[in-house]
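Number of protein chains: 2
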Amino acid sequence: MVSNKRVLYTKIPTGFPVDGEDMKVVDSTIDLEAELPKGNFILKTLEISVDPYMRGRMRDPSIESYAPAFEVNKPMTGDTMSVVVKSNNPDYKVGDLVYGRTGQGIFEEYVQVSAEYAKHAYVVRNDAKENGLPISHYVGVLAMPGMTAYYGLNEIGKPKKGETLYVSAAAGAVGQLVGQFGKAMGLHVVGSAGSDDKVDYIKTIGFDEAFNYKKGDIEENLRKYCPNGIDIYFESVGGKMLDAVLAVANNFARVIACGMISQYNLTKPEPIYNIMNIVSKRIKFDGFIIMDHASHYEEKFLKEVTPLLVSGKVNYKTDIAEGIEKTPEALIKVLRGENFGKQVVHVADL
Amino acid sequence: MVSNKRVLYTKIPTGFPVDGEDMKVVDSTIDLEAELPKGNFILKTLEISVDPYMRGRMRDPSIESYAPAFEVNKPMTGDTMSVVVKSNNPDYKVGDLVYGRTGQGIFEEYVQVSAEYAKHAYVVRNDAKENGLPISHYVGVLAMPGMTAYYGLNEIGKPKKGETLYVSAAAGAVGQLVGQFGKAMGLHVVGSAGSDDKVDYIKTIGFDEAFNYKKGDIEENLRKYCPNGIDIYFESVGGKMLDAVLAVANNFARVIACGMISQYNLTKPEPIYNIMNIVSKRIKFDGFIIMDHASHYEEKFLKEVTPLLVSGKVNYKTDIAEGIEKTPEALIKVLRGENFGKQVVHVADL
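The listed protein sequences correspond, in order, to chains R and H. Be aware that the first sequence starts at 1, since it is given in full-length UniProt numbering, and climbs by one per residue. Be aware that the second sequence starts at 1, since it is given in full-length UniProt numbering, and climbs by one per residue.
Because the hints were derived from the structure by calculation, they are not lab data. Misleading hints may appear alongside valid ones.
Pairs count within a copy or across copies, as identical chains cannot be separated in the list.
Computed list of lysine to any residue pairs in SDA-like fashion (alpha-carbon distance at most 25 Å, straight line) [what the hints assert, rightly or not]:
| hint | residue 1 | residue 2 |
| --- | --- | --- |
| 1 | Lys326 | Ile30 |
| 2 | Lys284 | Ile63 |
| 3 | Lys240 | Gln263 |
| 4 | Lys268 | Ser280 |
| 5 | Lys224 | Ser65 |
| 6 | Lys240 | Ile272 |
| 7 | Lys224 | Pro61 |
| 8 | Lys93 | Thr29 |
| 9 | Lys240 | Val94 |
| 10 | Lys224 | Ser62 |
| 11 | Lys240 | Leu266 |
| 12 | Lys161 | Gly39 |
| 13 | Lys268 | Glu219 |
| 14 | Lys158 | Met291 |
| 15 | Lys11 | Leu36 |
| 16 | Lys284 | Ile272 |
| 17 | Lys268 | Phe252 |
| 18 | Lys161 | Asp292 |
| 19 | Lys240 | Arg336 |
| 20 | Lys214 | Pro271 |
| 21 | Lys224 | Glu64 |
| 22 | Lys215 | Lys240 |
| 23 | Lys161 | Pro269 |
| 24 | Lys333 | Pro13 |
| 25 | Lys158 | Lys284 |
| 26 | Lys11 | Lys203 |
| 27 | Lys333 | Ile205 |
| 28 | Lys158 | Phe252 |
| 29 | Lys158 | His293 |
| 30 | Lys160 | Glu64 |
Could you put together the complete structure from these sequences and hints?
Set out below in structure tokens:
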């Protein structure tokens, strides 16, 4: 028998979730010698992704939303990268690297998977062995966050050369990519983040301007750093940030909305006042969830973005927590905006 | 010399504009016998349209917006229908009916127009003589409000048969048309209005369900009358109405936003709380102003919609104020939601 720690979801949180109360890492064991039923295989988890949308899954399951509610006392799930260590399934061979899709990769050190569950949840990604990229990239820039950035900016933003793109949470999993993709498209790119270190970082990866949104008035800073207004806003923050952007946005601006992290842990959302600008400025404010588009977009996305990473044209900063027991803490860090770059949990080496 | 009353804009209002303070109808005269400079012609105004967007033009001119600010002590402008009574311009012959475009038709009993001003402001519309429709239709259903309804529902709403369309201000200039166009497209159409009379009226023109938004809780009523949720919301109200719709909207709903009349006379806009639903429900919330699209859309629109009126397939209720001196009062009535149907001012018979 081998030790097999699991990350359980244990309670619906009020406000910010609490490690040890709403989520618990528990000891368990798995018998790696036991015979596997036909179609089954065992994954050893290498990397776990923690992402803001997971807060939305910590809700009363009677409330519908785009991602299913977590089940109490079951392991949490999300993007994972793993290696097959034992198999009775010809499609998943020992040594294969396997990506656990958004919301479906199971947060345990070892995961025994049936053929049926595997079909929609796990996909072999052996190119991860060959191109020299960190395996953690396969739960970040080459997974849900990267696709969110790429799809949103291209398909909703419809950017035109010379326009101003503003990115909030610009040092985060999605924002740092939006800015770099925007620069490659000839946009003037402005970002904000919550610390001076983050502001310095996003300048090094090509943002034209950046500011610390915790210092000074947001709207004033937007007017200062976006002297030509905002044509495209990549929105993942909400609240006061959104209200300020609506005030500063240009006519015909596009708001690409993939999240509103500032609101996830409030019991009542912050009010928005500048909504009328959507009419007077003819703004397109479109929400999207990449899971709706992933199946038909993933191939194109991986083909176009993987070479940009391999060649170093696009950078991706990752914030790594060490050990599966750090998973709850890492998620809370993300919800508090304390991560610096894409937050992952490194569970084991290949 | 002939009497020529003019509707002047006299002051930037605070809150609701006041007749006699912010707008004044003043006496003046015009010499219809005098020789006209080359290219000039004189219009006798028949119908004036008063519309909610005009409140937005009563602002400090240093504030930019989609429609230019009114100039203090100048005549107000908007959609008009007139007849040429004297002309030194071969393109505008005596007896021609002439449409004054949105924001450009001048609110006087008689208007002397130069060729230069006429080029963008006034268009001959002699088909109005032939098809038996009221001339007032040419500043309503066949002008800006009608095009707003038709363009918004088709081009932004992209309706699919069987979907639920909800229309606020449903007995108004735009709403009554949105509902009828929606029914013709096979939608389930629900409307709300501010009096029981209006509710009765919209049912007679084909709305499947209707309610008085002043009675009971808006969100409860929406859940009751839209049991399958809302797929398309035609938004011209804003405020609490919008917040309730965001709560009830289905995944992938479209909010077609052409105005937010409940907010125009407030010194501070009402807060909106349910903005996060734009992300979680993947809502497309698109503002538009028909003036941006009119030039390339008008021909198609008139060709498709005129026959629907002539054949009686589409109804259009008009609320008529008699006499140019009623113009300020009629506009205020519209801003208070007290009009019943498209508000026009009948200035003179043909």
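Hints versus structure:
1. Lys326 x Ile30: within (20 Å within a copy, 84 Å between copies)
2. Lys284 x Ile63: Between. Shortest inter-copy distance 22 Å satisfies the 25 Å Cα cut-off; intra-copy 27 Å does not.
3. Lys240 x Gln263: both (10 Å within a copy, 20 Å between copies)
4. Lys268 x Ser280: Between copies, since 16 Å is at most 25 Å while 28 Å is not.
5. Lys224 x Ser65: This pair counts as between: shortest inter-copy Cα distance 21 Å, intra-copy 38 Å.
6. Lys240 x Ile272: both (7 Å within a copy, 12 Å between copies)
7. Lys224 x Pro61: between (44 Å within a copy, 23 Å between copies)
8. Lys93 x Thr29: The answer is within: 23 Å in one copy meets 25 Å, while 94 Å across copies does not.
9. Lys240 x Val94: neither (50 Å within a copy, 58 Å between copies)
10. Lys224 x Ser62: Between copies only: 20 Å across chains, 45 Å inside a chain, cut-off 25 Å.
11. Lys240 x Leu266: Result: close both inside a copy and across copies, 13 Å intra and 21 Å inter.
12. Lys161 x Gly39: Classified as neither: same-chain Cα gap 51 Å, cross-chain 44 Å, threshold 25 Å.
13. Lys268 x Glu219: both (23 Å within a copy, 17 Å between copies)
14. Lys158 x Met291: both (20 Å within a copy, 22 Å between copies)
15. Lys11 x Leu36: Neither, since 32 Å and 83 Å both go past 25 Å.
16. Lys284 x Ile272: both (16 Å within a copy, 17 Å between copies)
17. Lys268 x Phe252: between (30 Å within a copy, 24 Å between copies)
18. Lys161 x Asp292: between (28 Å within a copy, 22 Å between copies)
19. Lys240 x Arg336: The answer is within: 16 Å in one copy meets 25 Å, while 31 Å across copies does not.
20. Lys214 x Pro271: Answer is both: 19 Å inside a copy and 23 Å across each meet the 25 Å cutoff.
21. Lys224 x Glu64: So Lys224 and Glu64 pass the 25 Å test across copies only (19 Å; inside, 41 Å).
22. Lys215 x Lys240: within (14 Å within a copy, 33 Å between copies)
23. Lys161 x Pro269: neither (35 Å within a copy, 34 Å between copies)
24. Lys333 x Pro13: within (15 Å within a copy, 50 Å between copies)
25. Lys158 x Lys284: both (11 Å within a copy, 15 Å between copies)
26. Lys11 x Lys203: neither (40 Å within a copy, 49 Å between copies)
27. Lys333 x Ile205: within (23 Å within a copy, 56 Å between copies)
28. Lys158 x Phe252: both (11 Å within a copy, 19 Å between copies)
29. Lys158 x His293: both (16 Å within a copy, 19 Å between copies)
30. Lys160 x Glu64: between (37 Å within a copy, 23 Å between copies)
Checked against the numbered hints above, the structure violates hints 9, 12, 15, 23, 26; every other hint is satisfied.
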